[in-house]
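2 protein chains.
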Amino acid sequence: MHIYDLDTPALVIDLDVLERNIANMAAHCQDLGIALRVHTKTHKIPEIARMQLAAGSQGIVCQKVGEAEVMARAGIRDILIPYNILGPQKLRRLTALARMARNEGHSAITVAADSEETVRGLSAQAAADGATIRVLVEVDTGGGRCGVQTPEAARDLGRLVADLPGLELAGMMTFPSNPRAQPFFDCARDLWARDGLPCEVLSGGGTGLEAVSKELGFTEHRSGSYAYEGLTRIKTSADLTPERCALRVIVTVVSAPTPDRIIIDGGQKTFESYPPKPYGLVVEHPAARIQAMSVEHGHVDVSGCDHRFRVGEKLSVIPLHQGKVTNMHDEVAAARNGEVVCVWDVAGRGKVR
Amino acid sequence: MHIYDLDTPALVIDLDVLERNIANMAAHCQDLGIALRVHTKTHKIPEIARMQLAAGSQGIVCQKVGEAEVMARAGIRDILIPYNILGPQKLRRLTALARMARNEGHSAITVAADSEETVRGLSAQAAADGATIRVLVEVDTGGGRCGVQTPEAARDLGRLVADLPGLELAGMMTFPSNPRAQPFFDCARDLWARDGLPCEVLSGGGTGLEAVSKELGFTEHRSGSYAYEGLTRIKTSADLTPERCALRVIVTVVSAPTPDRIIIDGGQKTFESYPPKPYGLVVEHPAARIQAMSVEHGHVDVSGCDHRFRVGEKLSVIPLHQGKVTNMHDEVAAARNGEVVCVWDVAGRGKVR
Numbered sequence: 000m001h002i003y004d005l006d007t008p009a010l011v012i013d014l015d016v017l018e019r020n021i022a023n024m025a026a027h028c029q030d031l032g033i034a035l036r037v038h039t040k041t042h043k044i045p046e047i048a049r050m051q052l053a054a055g056s057q058g059i060v061c062q063k064v065g066e067a068e069v070m071a072r073a074g075i076r077d078i079l080i081p082y083n084i085l086g087p088q089k090l091r092r093l094t095a096l097a098r099m100a101r102n103e104g105h106s107a108i109t110v111a112a113d114s115e116e117t118v119r120g121l122s123a124q125a126a127a128d129g130a131t132i133r134v135l136v137e138v139d140t141g142g143g144r145c146g147v148q149t150p151e152a153a154r155d156l157g158r159l160v161a162d163l164p165g166l167e168l169a170g171m172m173t174f175p176s177n178p179r180a181q182p183f184f185d186c187a188r189d190l191w192a193r194d195g196l197p198c199e200v201l202s203g204g205g206t207g208l209e210a211v212s213k214e215l216g217f218t219e220h221r222s223g224s225y226a227y228e229g230l231t232r233i234k235t236s237a238d239l240t241p242e243r244c245a246l247r248v249i250v251t252v253v254s255a256p257t258p259d260r261i262i263i264d265g266g267q268k269t270f271e272s273y274p275p276k277p278y279g280l281v282v283e284h285p286a287a288r289i290q291a292m293s294v295e296h297g298h299v300d301v302s303g304c305d306h307r308f309r310v311g312e313k314l315s316v317i318p319l320h321q322g323k324v325t326n327m328h329d330e331v332a333a334a335r336n337g338e339v340v341c342v343w344d345v346a347g348r349g350k351v352r
Numbered sequence: 000m001h002i003y004d005l006d007t008p009a010l011v012i013d014l015d016v017l018e019r020n021i022a023n024m025a026a027h028c029q030d031l032g033i034a035l036r037v038h039t040k041t042h043k044i045p046e047i048a049r050m051q052l053a054a055g056s057q058g059i060v061c062q063k064v065g066e067a068e069v070m071a072r073a074g075i076r077d078i079l080i081p082y083n084i085l086g087p088q089k090l091r092r093l094t095a096l097a098r099m100a101r102n103e104g105h106s107a108i109t110v111a112a113d114s115e116e117t118v119r120g121l122s123a124q125a126a127a128d129g130a131t132i133r134v135l136v137e138v139d140t141g142g143g144r145c146g147v148q149t150p151e152a153a154r155d156l157g158r159l160v161a162d163l164p165g166l167e168l169a170g171m172m173t174f175p176s177n178p179r180a181q182p183f184f185d186c187a188r189d190l191w192a193r194d195g196l197p198c199e200v201l202s203g204g205g206t207g208l209e210a211v212s213k214e215l216g217f218t219e220h221r222s223g224s225y226a227y228e229g230l231t232r233i234k235t236s237a238d239l240t241p242e243r244c245a246l247r248v249i250v251t252v253v254s255a256p257t258p259d260r261i262i263i264d265g266g267q268k269t270f271e272s273y274p275p276k277p278y279g280l281v282v283e284h285p286a287a288r289i290q291a292m293s294v295e296h297g298h299v300d301v302s303g304c305d306h307r308f309r310v311g312e313k314l315s316v317i318p319l320h321q322g323k324v325t326n327m328h329d330e331v332a333a334a335r336n337g338e339v340v341c342v343w344d345v346a347g348r349g350k351v352r
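For the protein sequence lines, the chains are W and P, in the order given.
Oh and the first sequence: position 63 is 62 in numbering that gives the first Met the number 0, straight run, nothing missing.
Oh and the second sequence: position 84 is 83 in numbering that gives the first Met the number 0, straight run, nothing missing.
One chain only, chain W, in its complex shape (with noise of 0.2 Å):
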């Protein structure tokens, strides 16, 4: 089936580019040195992970326990969740999540966290439930996000971290890598080493900061967007190009009410509302510009078009922010050439918590 037969709007993924961009990342990580571990929030789909773990990436990254459980049930181990998991119905699925995915004799899952109270709330139900759970502590080295204030703090946390039991205490974390945390980091390792602590894992992120975090002298890199690639590193639309954006999502022409204007079937909630504008790249006919987002239309102006739209066409629009996308859809095509091969689920979305 060609992509401009199935119904719309439809989202569709052109394995060509997906594939390349893959393995342009993973050749870019090995040629610095450092290994990656990719982000799959951008797509939410265990087959790209799996595509991606074959490319050379060490793992995974799921921001959700929800999403770590639809990757280990694909049979994904090495996931880390860097994020604070609090409460008792999280807790529970995390450690039957640790105890059911093991690597290598290990636990397959590292959970960050910031503070003594998520720290204890880990422990408490990883020893309850005969579970480990490995456990980076997050640094705040500029981000102004989470994260521990100074490598003081952080050496506190990993201290407990590696007391109490269940826990296995990992290394740290940071979101994004910044080069001026370097000092940061010499004194937290400084720290870390005098009190004997383990650090084997230090855990940067940020697809485009992979050389930062060589810098930096972290065992890790955290990317994720330049799977579908999109606004995160391409700064403007006007180099949203068929060639690097993997993502499509394929619209019918539903409306040419005037000779400038046309409506397509793909508005907020297809696309996201946020600018800028214009808000995605038609990809037959760049002239067009998509300038207003209804809930349900697309506004496109065409006056800069030769083409006459006419009403049941089908066009392809490169969208700006893949993953927003990707977390209102429930499904994906895969196409070569044009043609779909399979259609996959977006099996994580959904899994808010």
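Hint data in this document are derived by calculation from the structure and do not stem from the laboratory.
Don't take every hint at face value.
Same chains, same names: a pair is fine if it fits in one copy or spans any two.
Under the rule of at most 25 Å between Cα atoms (straight-line distance), these lysine-lysine pairs were calculated in the DSS-like manner [as the list claims (entries may be wrong)]:
#: 1; residue 1: Lys350; residue 2: Lys313
#: 2; residue 1: Lys350; residue 2: Lys213
#: 3; residue 1: Lys313; residue 2: Lys213
#: 4; residue 1: Lys276; residue 2: Lys313
#: 5; residue 1: Lys213; residue 2: Lys40
#: 6; residue 1: Lys276; residue 2: Lys213
#: 7; residue 1: Lys40; residue 2: Lys350
Source: prediction; values computed, not measured.
For chain W, the structure is supplied; the task is to place chain P on it using the hints.
Coordinates of chain P only, in the frame set by chain W:
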């Protein structure tokens, strides 16, 4: 179970507020003397649609064929899909729906159309499948989206609908209802009457514009967002009060890295990322400002709060974009006085086609 015992992030509806909002809108339309047709896109939940119908709404609106299928399966009849339905897959599903869902002997399915292409597609499929589809001609009266541009074009398209097999001409629709559209409709009605075209329905829309539709002489008005209430009608976030807004997101404080900052476990994939800031109102601590959103983290400035937030604490947040929040979640708990009464599937979510 108390709403604070739900795992987070969790969507919760305050049933008292929902019922009050539904009753108020029903009374408002009754006072005005205009029939209400509720738009279900805000909630996508058949149970709520039934509450709205019980309160006096004469029918419902769905934006997608898939949403209409969900509502029809739940036993709801008289469904308007104010959208140009195109393409063989959707047309086949539409005629199947029209054959299944009958309303007092008539087709229970009405759609909008603004082009000959749409109308001919509807007719061909309906005739082939032995179905009847009711059609409203969509007119553009300043909304700048879909819709024919002149009264004459409305008449011509109405005539075509009336002439083609498988279709039943019901009247006209527009969005949003606009006082300046009076001359357009006066002229269009006149042209239709001269041609003997039926115009049983004149449908306007937009929560808050009920009186405008009445002034224009319309027979019904489509309102949706009033059920949960939010920024569509309440223009400043200061007015997003717990007494008016039915939807909440229960979140957990997952980090309190500095005295001024807490991080909650809801970000762009829970709340939507589009400003204005703050991104929602923290019910328990209105001085807390949700000032930034990462993909899965909410960044809250608590410098204005006396309360000392602790990691693991639960909070209730009124989101700004109810319909878009709903679109990212599979279920919502309905609660009264803080106690969960039941959990509803957001059954229409993800029905993107």
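Do the hints match the structure? See the list:
Taking identical chains as interchangeable, the C-alpha atoms of Lys350 and Lys313 lie at most 25 Å apart only when they sit on different chains, with a minimum of 19 Å there against 31 Å within one chain. For the homomeric pair Lys350 and Lys213, neither the shortest alpha-carbon distance inside one copy (32 Å) nor that between copies (44 Å) is at most 25 Å. Neither within a single protomer nor between protomers do Lys313 and Lys213 lie at most 25 Å apart by alpha-carbon distance, with minima of 45 Å and 38 Å respectively. In this assembly of identical chains, the alpha carbons of Lys276 and Lys313 lie at most 25 Å apart only when taken from the same copy (21 Å versus 36 Å across copies).
Taking the closest pair of Cα atoms, Lys213 and Lys40 come within 25 Å of each other only inside a single copy of the chain (23 Å); across copies the shortest separation is 48 Å, beyond that limit. Neither within a single protomer nor between protomers do Lys276 and Lys213 lie at most 25 Å apart by alpha-carbon distance, with minima of 35 Å and 36 Å respectively. Within a single copy, Lys40 and Lys350 get their C-alpha atoms as close as 11 Å, and across copies as close as 22 Å, so both meet the 25 Å cut-off.
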